[in-house]
Each structure stands twice: as structure tokens, then as C-alpha cells.
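A.B. asks: Each chain, letter by letter, is given below.
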Amino acid sequence: MSPVTTRLAPPQEVVERALAVSRAEGCVVIVEELSEAEVRFANNTTTTNGVRRNRRVAVVSFRATGAGPGGPAMASASASGSGAVDVEELVRASEVEASGAERADDAMDLVEPAPGTPGHESFDQPPVLSSPGVLDGVVAGLGDAFARARTAGNQLAGFATHGVETTYLGMSTGLRLRHAQPAGTMELVARSADGARSVWAGAASSTFADIEVRDFEERLDRRLGWARRRIELPAGRYEVLLPPDATADLMVALSQALSGRDAEEGRSPFSAPGGGTKVGAPLCPLAFELRGDPAEPGLESSPFLVTAASGTNVSVFDNGLPIGRSGWIEQGRLARLQYHRAAAARSGTQPAPPVGNLTLALPGATASLDDMIATTERGLLLTCLWYIREVDPVTLLLTGLTRDGVYLVEHGEVVGAVNNFRFNESPIDVLARALEAGHSERALSREWGEWMNRTAMPPLRVADFNMSSVSPAT
Amino acid sequence: MERIRSQFVALRDGQVETTVDDTEVGVGLHVVRAGSFGFAATVELDPDAAARLADDAAALAERSSAALGTPVEVAEEPAHGEVEWTSAYEVDPTAVSLADKVGVLEDWSRRLMASGSVDHVSARVLCVVEDKHYADLSGTVTTQRRVRIYPLVEAVAVDEASGSFESMRTLAPPVGRGWEYTAGRGWDWDAELDAVPTLLAEKVAAPSVEAGRYDLVIDPSNLWLTIHESVGHATELDRALGYEAAYAGTSFATFDQLGTLRYGSPVMHVVGDRTTPHGLASVGYDDEGVEAQSFDIVREGVLVGYQLDRRMAAENGLGRSNGCAFADSPLHVPMQRMANVSLQPALGPGPGPSTEELISGVDRGIYVVGDKSWSIDMQRYNFQFTGQRFFRIDHGRLAGQCKDVAYQAQTTEFWGSLEAVGGPGTYVLGGAFNCGKGQPGQVAPVSHGCPSALFRDINVLNARAEGAR
Chain A
1 MSPVTTRLAP PQEVVERALA VSRAEGCVVI VEELSEAEVR FANNTTTTNG
51 VRRNRRVAVV SFRATGAGPG GPAMASASAS GSGAVDVEEL VRASEVEASG
101 AERADDAMDL VEPAPGTPGH ESFDQPPVLS SPGVLDGVVA GLGDAFARAR
151 TAGNQLAGFA THGVETTYLG MSTGLRLRHA QPAGTMELVA RSADGARSVW
201 AGAASSTFAD IEVRDFEERL DRRLGWARRR IELPAGRYEV LLPPDATADL
251 MVALSQALSG RDAEEGRSPF SAPGGGTKVG APLCPLAFEL RGDPAEPGLE
301 SSPFLVTAAS GTNVSVFDNG LPIGRSGWIE QGRLARLQYH RAAAARSGTQ
351 PAPPVGNLTL ALPGATASLD DMIATTERGL LLTCLWYIRE VDPVTLLLTG
401 LTRDGVYLVE HGEVVGAVNN FRFNESPIDV LARALEAGHS ERALSREWGE
451 WMNRTAMPPL RVADFNMSSV SPAT
Chain B
1 MERIRSQFVA LRDGQVETTV DDTEVGVGLH VVRAGSFGFA ATVELDPDAA
51 ARLADDAAAL AERSSAALGT PVEVAEEPAH GEVEWTSAYE VDPTAVSLAD
101 KVGVLEDWSR RLMASGSVDH VSARVLCVVE DKHYADLSGT VTTQRRVRIY
151 PLVEAVAVDE ASGSFESMRT LAPPVGRGWE YTAGRGWDWD AELDAVPTLL
201 AEKVAAPSVE AGRYDLVIDP SNLWLTIHES VGHATELDRA LGYEAAYAGT
251 SFATFDQLGT LRYGSPVMHV VGDRTTPHGL ASVGYDDEGV EAQSFDIVRE
301 GVLVGYQLDR RMAAENGLGR SNGCAFADSP LHVPMQRMAN VSLQPALGPG
351 PGPSTEELIS GVDRGIYVVG DKSWSIDMQR YNFQFTGQRF FRIDHGRLAG
401 QCKDVAYQAQ TTEFWGSLEA VGGPGTYVLG GAFNCGKGQP GQVAPVSHGC
451 PSALFRDINV LNARAEGAR
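Chains as they are written, first to last, in the working numbering: chain A, 1 to 474; chain B, 1 to 469.
It is possible that some hints are incorrect.
Stated by the list, open to error - Here are the computed lysine-lysine pairs in the DSSO-like style, where the Cα-Cα straight-line distance is at most 30 Å: (1) K203/B - K278/A; (2) K403/B - K203/B; (3) K403/B - K278/A.
Said to hold, decoys possible - Each pair of labels, with its calculated beta carbon distance range: (4) A114/A - D46/B: 51 to 57 Å; (5) G436/B - T366/A: 49 to 55 Å; (6) T70/B - A20/A: 53 to 59 Å.
Unchecked claim - A partial selection of chain B residues facing chain A, derived with a Cβ cut-off under 10 Å: (7) L258; (8) T260; (9) H332; (10) K372; (11) Q379.
Since the hints were derived computationally from the structure, they do not count as laboratory data.
Glycine included, C-beta positions come from ideal geometry on N, C-alpha and C.
Next up, chain B with everything else stripped away, as it sits in the complex (with noise of 0.2 Å):
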């Protein structure tokens, strides 16, 4: 049973344009019958339509048993009792009035339109208050509750002369916080905002990317969202099994080279974790009442490990679920979905290579900062990122911007091009409020903690000739 809050608010130009604020309440019930699950859901919750709920999913898993190849089991997992979680956050977003996240919103676009390089500002935010309540026959009962905010503000510079225009937004990351974050707290916002106009004028000025190969100090804020695609999807192990054949795709990661799979470098360290403060995917326990967990996911650059739900645990004799269960609605299945797939920092002695020594090791890279396009095969082989701001490396230096620049690589050859991660001072928390899977689609947050990180030879593509006619 569970209470969703979602707020959205959004201005244009300063301008109120998209306010949402909705309520989702629901009750959805998940049975094992007849070796076959059922899944009903609805929106009343007196115990009368419950029980209704029960019947339908019996009679559904009855009746699908007949398409059934394999009979459904699901791993085991201790009872828990009467439990309660609750993320960290100080300030409940939900309960912020909308005037006043319009003040905040306002506050920022101001800042920036009063810059002459800035003619547009979008600035949006979306909250999040999920209050879930879970119970099995097991005698697990479990009351949590989720706060999660993403702010984000987008300059817009326009040559009216040309039909052209450039765009950038702040690197802020979506996190498992309240209202504090817009304050400042996690998040330094002041000094991003006073950046992001001449930022933005650099970048209209800036070089158009000489297409080639590079090397690239890939910076957290963009690092994050290529570990989303090409580690934290391609270890699902449902994926790897061909349970998503249909939709989200499979992967090169298969299940046979489990503990043998050279994925990337031997300083490529990932970690699936549940617990992570502020994390998106953190959680007491999951959506199948497991405990929430942290585990290796590639150690030394081998694949060691798949993300898992109850039924993927036990089809494959893996014993217990590591916890990644989730649904974003009551009136969803639970299937597994991502925790947070974090790359380690260098570990010690001493604080590991600072953002600026990656740097200073290269002669001819860029420097690539915030994510934006982003899109990888279903096999989770070849992938295309872009970015918000990409700097020139020249002889271990920055040497100012450069733009149209798109990164195209394989999976593991660019994994295995990872020379060094930076130290635990780079380390930053990124993520998304928006995962998509399954069918009928569900969405879900997620983080990806990572350092800064040194990749070599990759191939930059120039965006702009890519397009051209």
C-alpha cells in the first residue's frame, strides 16, 4: 500500500508555466499460485476491495499457469517484524508552498537573465515523497518513507543571425534530500549560478571539436550517467537471463561469465549499494521485503556480481536476493531495478590523484562536464554521450572550450581504456529521478556515485558533422 506525492513546478523565463502537484494512493497485491505469479491493484483501500484483490490475482495466476514454461519460485529471505525506515532529509518538499518554490525558481532565473550572454532561462523543480507499506506472509511489515528533489535551471543563448543557439544547465544532481537542498545544503548553488552565464559565452565562442580520438578526464557529473547505461543496466541479471529481451534489451554481460568477464580495467572498482546517504535507490528493505544490501558488482575489472531480485536469486542458485526489488506504483509489479551502481575512488595510501593531476597527465584530451544525450544498444555494447561543457586538454592544461562534441565507444574496450580514478576528493553523487524499464513502463531513481576518471584513445565525434547534409 502506498502514497505517492509528486510536485512539479516550472518556469519559463521567469514565468510560471507547469505546476503539478498530485497524489497517488493504492494498494497492489503479488501472489505465487499454482507456480505461476498474479498481480492485481487498485485504487480503494478498504479491506473489502483487498480482499477482492487477492481473489483476482489467484484466479490470474491460475489462469496463466497454462502459458507457463518454468514454475516461479522466489529466494528466501528472513522475516524482518514491524520495521520503519526513513531517508534522511530535513525540510519535507511537499509541504513547501508553491509560492514559494516559485520564489526560489524566480530568484534563479533572475540571476542569470540579468547576464547579457543569457536571452532564455528555463528553471524547474520535482519533488517526491514516497510513503510505502509492505507486508508478507512471511511476517515482514515494513513502513518507509522516501524524500527525493531535483532542481535544475537551463540558460539558452540565441544567434538570431545564424538560427542557431546554445544551451546550458546547471550540474546539480537530483538527490534523496528535502527542501534544504535548494539552500544550499549539499549543493553549492550560488557559485554554480554566477558560472553558468559566462560558461554559457565560452561556449558560443568556443571551437567546434576537431573529430579524432582523445583522451578524456571524464568529470562525475557526466561519468555518472555512462555507468548508469553500460554497468548498472548491463548487470541486471533479469537482463542477462533475457527477461527484458522484449523491451529494455539484454546483455553482453551473460550469465556464463560470471567471475570471468574482463569488463574494464584492473582500478575499475563497482558497487551496487542500497544504503548509500542521500542515494535515490537507497532504501530500508525492498519491494519483496529483503534487506536493503551493499555488494561487488566488477572487482579489478572482472565481473563479480548481478543485481537480483527473489525469483532471479533462486532460478539461479544464488541464494539470497540482494535487495533491488522495486515498483514505482502500488498499481505495479515489483521487478528488480537498479541500486546504486557506484565506481570506487582510488583507494589510499594518500588522497588519490585530484581532479587536476588526471588532467595533467594528458596531452591532447578534453575534459568533459554534465551529461545530456545519452543512448546505448540493448546488448549494452555501443554507446553515444554527450555533454554540458567540454574543455580542451593541451600538454597537461585546459586551454578553454570546445563544443559538438559527441563520445562513441564500446562497453568493455572503453572500460578497459580506464587508466586511473581519481581520489575520494572527486567523488561525487549523480543520478537520474527518471530509470526506465519494464512493461508496462516503470520508472525509478537512481544514483551513481563515481571519482573523476582518466580514459584513453576514445573516439570524439564532432555532433555538428555528423548532422551535416
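The shape of chain A in the complex, shown without the other chains (with noise of 0.2 Å):
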């Protein structure tokens, strides 16, 4: 597949453009390119592909509003637009409706150009694209996996993208910061002719260098080979093994409640009785660390801060902020929640704006997933969690269901396959009974993979993990 060609100009153009026609008191531009390739895949055959060019240019404007309180009063409002916008009709619009802006609560000095600003020096590089045929592999070897599927009387389905996008921050400070993040994720279903066994493999990439499409059937052939044999268990808290895409489900909602105004305000898990936050308290008997970090080895990500938005935890105003790496979780306690400048300012804590990736580690852990399997003397392993929604916010009580493989384990064995169930369970409590990690590897959430599939995560062993009715879903 050969990406979509564009005749656009170059978007250092656009960003100097907009930086040059703004009459505001402070200027952000944003220019987001991205290039992606896709194939979509079910009963055997493709259903849709396509290949995409786009390009969004947001324009915040900052209009000063006179003397605040306790810093900068300063308005801000923001456009965006895709494709071949008119720039200076964006910035008109954004400089309107700052003029009729309020003070803005997460008002800060813009960042201001540093040495060594990680992003700098690329800042007149072109857009990265998607490789031409990057998708190229994974089409070849589907046309002989349904083959093999037709054979054998089974039903693939399932979906590979690829695409990168290149982010250019310029400021009317002068800051001018260029960077490019790849993705990539590859799932594949396979299911039974008669629908009863159904199975799901699923991995991220950056350059889809490594996926191969007979590696994802033979993790599928092994699980199907598992579920020839059938077992119905009732509802109940069981042990269960997590397996690294599993835990990633539920890492990834709770990274989400990591809000340290809405903890101040006594509205979120991580609020203590009597106020202020649970920081510095003990969430788990393992010394588990949660972190973002952007250099992380293979799940690089945004090294500065890019938002067209502000919100709870981000600010128009951070823009072109560096990221750090941030232990949310550090041997076994709560370390840090996220904020905004402004907000960290107002608590007298550090800035810490989400990152874009996300790794749950117990250093020294070495266990692989099967070395856990020989290890359980009865449990059940599960494959992937689906539709994970919050229950009670005041715990982080999620429920979901397993999906495409639950599996009973016994005497260090895979026995058969079991029937789905919905789980209650919070991701806190999960952390808190957790009885063994093993080493953390890349996962790919089946719920959140989508916007966030640079993960890392161990497989775990939970006790009493509560399945609250069964699913009859296959």
C-alpha cells in the first residue's frame, strides 16, 4: 500500500505563517501530520482498507486580561482545522474568542526556548510517513492464513494499522519543537466454525518489522487446542492469572483516575479521608512501580507537551512543557498524581502532565507467563478484558467481561476452556492482592489499544478476583 500523496505546504510553513499574522499577547500553532495504512479482516476475508493522509493546525491565542491574584492573568482560546486550512482565518477566529475569554484558571508564563529542548533541533525536518508497503507483509500472509482457516473450519477476523504522526509545536516565545511517533497494532480473531471456541491474539509495533501473521496462528492454534476440552464453573472469586494484555486493561483505566485536583477535591480514588491525597500511602504489599516515562526503551513517546485543549490535568499554557518521567506508583505506594503548572503551583507540588505510554514493573520479577501457569495449582487464566466501564468512582469498582479465551488451570496445566464472566473489581484492589508479577513485556489493551498502545506490562496472579455472574458470550 502506498500512502496518500499530498500537495499541502511544507507545515513549517503554516506554523511561521500563523506565529507571523497573530496580533495576540502570546501564540501557540500545532501542526499534526498524519499518514496511516490500514486492512480490516473477518470471516476469512478483507472487508475494508485504506490508506489516509490528514493534517490538523490548531491556533491557541493568549489575550492578557489585566492583574490576576496570583500570577499572569491571561484568556486563551483556541481553532483547529484540517487539511488546507487558511491559516489566518484560524488565528482570527482563536484572537475573537480570547477577546471574549475569561481569565483562564491554568494561566502560566508560555515556555520559553531552553538548550538542549529535546525536539529542537529536528524542528525543519519533513513529516514522517508511514513506509509505502508497510502493511504489504501482513496482506500477503492473511491470503495464506485463510486458506489455512477454510481448511481447518475456522473463521479469522481482525485488523492491522499502521501510521505516525509527526507533531510541530511552534510559540511566539520562539520555542519551535518537531516530533514524530509511530504506531502500529495488529489483532487477530479466530473462532470455530460453530462460534463456541474463540480466540484473540493481539501486539503493537512501531514499524510492523516484527509481525508476523503465522506467529499470531500459532498463538491462536495453542488456545484453540486448549479449548477442545469444555468447562462450565459458576460465578465466584477466583485466582487468576492476568497475561500482560489483560493487565494492560486494567493499568490504563486507573492511570486515568490519576487526577491530583480531583484527589484534593475529595472526588477520586486516590482522595484521603479527612482530605488531601492518599500520596506516600501504601496501595500493595509488591513493590510494583507504575511510570510514564518517554525515553522508555521501545515506547518512546512525546518527550515536551503538545494539547490544543486545556484540561484537568493539561494546559494550553504548558505547551512545549519537557516530560519527564513520572513513577505514579513507586514500591508499592502512591509517588505522584498528575497537574497541570498551574495546579501544581496552587499545591506547592511539581508539574506532572500525562504521558504517553505506560509500564507496570516489579523489579526483579523474571516469571513468564507459562512459568506461572506450571506454578498454579488451580486458576484461571484469562486472555483479554472488553468493555470496561467504572461503577463506583469512589473505589475505581470497573466492570468488563473476559473475552475470547478463559482457561482453567490445574496442577501447573491448562485443562480446558471456561465460560466467560463479568468482573467487579477495581484495579487498586487488583494492585493490593496481587500475589506474584512475573517480567513486564510489551501489552497491547484490548479496550484502550487504541489511544493507548505503548504499554508494558507483567503478567499477574490475583486472588479472589471477582466474577460477578457468567457471560454465556463465546
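Using the hints, build the complex out of the two chains.
C.D. replies: This is the structure in C-alpha cells:
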């Protein structure tokens, strides 16, 4: 597949043009260049496929509103558009909205250029495009896989996608930054013809060089083999083995609850009784680390903040702010919550914006999932979790389903496939009841992988996992 | 070719937290060639770029045919010529200034924060205007505008001593209307904002529910979401045939059961409709040039129809598509998406039961109001829902709120327990802006109308107890 070609002006020109016509006291310009390719398939045939190029331009204008009580008094507003936008029109739209805006709660001085800022040296380089033919190997492999599946009486379905997003950030302070973020995922589901057995395998990859359809088939064949024996089990609390992908399903949800402001205001699972937050409090007996780090090997993400809109934990005033390593949980204790600069200043803590990756690790853990299966007396081996939603924000209780493979492990061996369950569990409690963790590896959350696919997670052994009811889905 | 203008404004405790004003413009081109689909899209709008798209899409279709099992066909649709369609609205919400939007949300926030029972308030509004131009080789050329809006306010009460908190939000649904909605056209905002602080205070003081089996009277503000998940998605034919097996899932309502599956009790009558006034999925023509229609999905409790696009209709010999193709972006390929799928109220003679009359028939039960948490399995059997407000029913009368309620059921058992539906006077159109499906993921707006309804003997969990360690 070759990417769609475009004749748009270079992104750097768009940045400079917008800054040149800006009449505001401050201006931020973000240009995102996206190139993507994908193929989707089901019932042993390709169903949709596509290639696309997209450009998104966002302009944030800042207006001084007079003296503020504790810092610069500024208002901001943004306007964004796709494609061959009229940049001056976008700048004027953001200025008009900023002129009517009130003093921003998150106002801070805009970030100034600083020597050695990561991303500065590459600003003049062109956008990175998803490589021509990046999915050709997958498409070719699928043709053979479909033929084998038909012979075996199975149905294959899945999706492969690869893209690169190159972001250009220009600011009226003179800051110029660029970051290229490749991302890709491959998912494959195999279902027996009668629909009674269904298995899933997924992986995230930045290049697709490490993706072989045959490897996926072998993983699925192993699990389809396990599923030849069917065992019905009732709802209840079980010891479970969570593969890294399922651990990611729960930990990504936990990472979305790390707002420092929410915790300080008493509306978070990390709010402390009596006021304040639980930072410093022990969460789990095992010395887990939950962290985000733009330099995490294999999970590299943007080393500076880019946002066209403020939120509870991010601020347009923080564009260009270097992002470093944040240890959210360290040695089993809640170590840090997320704040933009203004909220951090009010709270007397350090800014900690969200990071584009997530790693859970138990230092020193070396076991693989197969090692942990071999040492299991009786427990359920899951594949992944699905349709996860918050039930109780006070405890971060989540509900969801097991999907595409639950297996009973007895005396160190997988002895058959079990029915699916609905679970009701909090990821905070899952960490607290974790009995064992293996070594962390690249994982793909089935539930959240579409927007958070840079995760490294360990397999976990968790006691008393609450399977609330049986799901007859297969 | 499409332009989508989206604006989002959020206030936290009366202060602006987030503003977004985005315009997406682009063109997508879909071809059938060599028995395969090919799709290409770009943000460039000049004729040369469009011509390059055609080449790209055709080449893609040819290359993909190598991995093709069955050649693609699409159902016939009459040519409709050049036509225009606009949804019903009075004031373009994207033409309202940011300051005016903030002003309304500030006023709503102040009114709630003035109450001693409210510690925090979140207020937000999302407005979308879609302008879409469609043309196909059969001669159909449509130009359509759809306008929609979703304002929402949530109040939070914090118990700092225990580290606990409760929330309650407005029930006003997202609708296919303009800015006039915030001024009271289609919803009584004053009445609802006045009621929320007292309701929240009652909820904070309410007893936690005792888990067990209860009769439920479910308000339309909650039931719309149960319909969406357990009927709307389950009756999408692409799901039933396995085309969503890797992502959204399949369906227990398999194609071989069309006309025979006992979905629910005989009072269950569900219609798919893309013509509903102010419906979020309402449109003149779908994204394959098919004219909007209304069609039965469940009649007297039996599955009688599916939602279709042209490929699904042709592949299964169902004749004409019922017009459910939609793409959420010019850069995304159209796929089968949900119509406004609605449970019909009791039909005459007479006005049918009121909500109070349904409640009067319950000895021990719960009246469930407003949606909150939702989850259902990948074949649409097992679901669990919570809500905003729960009122105990004791001998036919409301007896104060309880909290921590989650109801859990299997789809056909749940709908089989439907004893009565309210009359047209209880019917409300609910809905969502953000129904997700497909890979790459697409979101679609959709409405679901329903009356109040009475369900017997449903399993109710205590959510706090479920999370207890």
C-alpha cells in the first residue's frame, strides 16, 4: 500500500505563517501530520482497507486580561482545522474567541526556548510517513492464513493498522519543536465454525517489522487446542492469571484516575479521608512501579507537552513543557499524581503532565506467563478484558467481561476452556491482591489500545478476582 | 465531501476549563473494483487530489482482492437525483459566541453551587454541525446538514471525613436541535436545575440498596441505554454475521433466527427509524445514497428485522438496504451504523399507563432514573447498568431514594420479563453522541425513544459490596 500523496504547504511554513499574522499577546501553533494505512478482515476475507493523509492545524491565542491575584492574568482560546486550512482565518477565529474569554484558571507564562530541549533540532525536517508497503507482508500473510483457516473450519477476523503522526509546535516565545510518533497494532481473532471456541492475539508495533501473521496463527492454534475441552464454572471469586495484555486493560484504566486536582477536591479514589490525597500511602504489598517515561525503551513518546485544549491535568499554557519520567506508583506506594503547572503551583507540588506510555513493573521479577501457569495449583488464565466501565468512582470499581479465552489451570497445566464472566473489580484492589508478577513486556490493551498502545506490563497472579456472573458469550 | 464543525466548552466550578473549536474538512472516495472495496481519503479538496484518490482507491481494491474470499456486491437503490435535507433546528450552535456559551454554563453552575449540598459542579456543552455532500455513479447527489447539541451539568457532594463522594447529573438527553435547546426548547432546564441539589442531598443520605431480586420500573432516561446495548447493537446484521468479531463483537441474535427468535415479551415492539424528528441518527439519505426509512426490528417480542447497509443487504438476499450506512468523518469508510432504535409505547385504546400507574403495580421494587455506567458482553447477552437516581417502591408507592444500585441480566430474560410499557405520555427520546464501532474506531450519534417500562424480578447488585475487599 502506498500512502496518499498531498501537495500541502510544508508544516513549518504553516507554523511560521500563523505566528507572523498573530496579533495576540501570545500564540501557540500546532501542526499534526498523519499518514496511516490499515486493513480489516473478517469471515476469512478482507472487508475494508484504506490509506489516508491528514493534517490538523490548531492555533491557541492568549490575551492579557490585567493583573491576576497570583500570577499572569491571561485568557486563551483555540481554533483548529484539517487540511488546507486558511491559517490566517484560524488565527483570527482564536483571537476573536480569546477576546471574549475570561481569565484562565490555568494561566502561566508560556514556555521559553531552552538549550537542549528535545525535539528542537529536528524542527526543519519533513513529516515522517508510514512506510510504503508497511502492511504488504500482513496482507500477503493473510491470504495464506485464510486458506488454512478454511481448511481447519475456522473463521479469522482482525485488523492491522500503522501510522505516523509528526507534530510541529511553534510558539510566540520562539520555541520550535517537532516529534514523530509511529504506532501500529495487529489483532487476530479465530473462531471455530460453530462459534463455540474463540481466541484472540494482539500486538503493538512501531514498525511492523516484528509482525508475522504465522506467529499469530501459532498463538491462536495453541489456545484453540486448549479449548477443545469445555468446562462450565459458576460465578465466584477465583485466583486468576492476567496476561500482560489483560494487565494493561486494568492499568490503563487506573492511569486515567491519577488527577491530582480531583484527589485534592475529594472526588477521586486517591482522595484521603479527612482531606488531601493519598500520595505516600501504601497501595499494595508487592513493590510495584507504575510509571510513564518518554524515554522508555521501545515505548518512546513525545518528550514535550502538546495540547490544543486545556483539561483537568493539562494546560494550553504548558505547550512545549519538557516531559520527564513520572513514577505514579513506586515501591508499592502512591508516589505522584497528575498536575498542570498552575495546579501544581497552587498545590505546592511539581507539574506532572500525563505521559504517552505506561509501564507496570515489579523490579526483579523474571517469570514468564508460562512459568506462572506451571506453578499454578488451580486458577483461571484469562486472555483479555472487554467493555470496561467505571461503576463506582470512589473505589474505582470497574465492570467488564472476559473475552476470547478463559482457561482452567490445574496442577500447572491448562486443562480446558471455561465460560466467560462479568467481573466487578477495582484495579487498585487488583494490585493490592496481586500475589505474584512476572517480567514486564510490550502489551496491547484490547480495551484501550486504540489510543494507548505503548504499554509494558507483567503477567499477574491475583487472588479472589470477583467474577460477578457468567456470560454465555463465546 | 464533508465539513464537520465541533465545539466543546467545559466549566469546572464555574471556571472555564476546556474550549475546543474544530473544523474537519475532507473528501473520501469508495470504489468497488475487482470484487473488492477500496477506500482513499484526503484533506485536499482540489479536483486533482480527488482524481488521485480515485486511482489510490482503485489500486487498493485490486491489491486487496488477493486476500478476498467472496466478491463484494451492493444492493440496488433507486437514483434520487439532486436532493437536499436539513435537520430541524432554529439556532446554529456553532454560530453562538464562546462568551455566550460560557455565560449559559456559568449561570447553570452558579445555580447549583448556591446550594449548600453541592461542593463541585461540572458543566459542559458539545455542539456539532455536519455538512455532507454525497455523489455516486447512479446519479444520486445529496447535500445535507445535521445539527446536534448535548449540554450536561453534574453536581458533586463530598464527604471529606470519609473520603467518599456522590454525584448527580442532569437527565437532559443529547438531541438533534440547535442552541435553542439550552433556552428551554425541548427541555425544562429550570425545573431540572432546581431539583438536582435536593435530589443529590437525598442520595447522599439514602441507604445502600440490599442486593437481591426486585421489580424495576425503568424510566426512559435509563432505559434508552439498555435498548441501545441489548437491542440496537445486537440487531446490526454485520455483527450477527461476524464482521465485527474482532472488535465490537458478534450477536446472539444470529441470522438463522430471523422471524423466530423470542427476544422479549409480547408487549415488546422495537422500531429502527432514521426519520425521527430531532433524532441523532435521523438523516435524509445515508452515506450510500439510500433514502431514510422506518422498519420493524422486534414485533410482539419476536426478532423480525436487522439494520443493514447495501453490502449486508445484497450478501443476504434481503433486497433493498434500510439505509444504515454512516461514516463519522470524510476520512473514514462508511459502515453499517445504528438507526434510532426505539421501544414503542403502549398503543390504544386509551392513553396507556402513566409512570405512576406502572409504579402502583409493584409491591417491592426500584424506580431507576438516568443512565450512568453500562457494560455488555461481545454477543450482547450479559449486561450491567447503573443509574443516576434510584427510588425504592414499597407497596405501589415511592419510598425515598436508595443508592449503589446496579442491575444485571441476560438480554432475552430481561426483555422476557417486560410486563408493561407506559403510554405515549411517558415516551422520551434519549441518546448518545458517541456510539463506538469499527476499526479504525468511528463514533456515531444515535437516539433511542422509549416509554417507562415495568420489568419483573430483575437481579440487583450492591455496587459498593461488589467492590468490597
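A.B. asks: Return the numbers of the hints above that this structure violates; sort them in rising order.
C.D. replies: 4, 5, 7, 8
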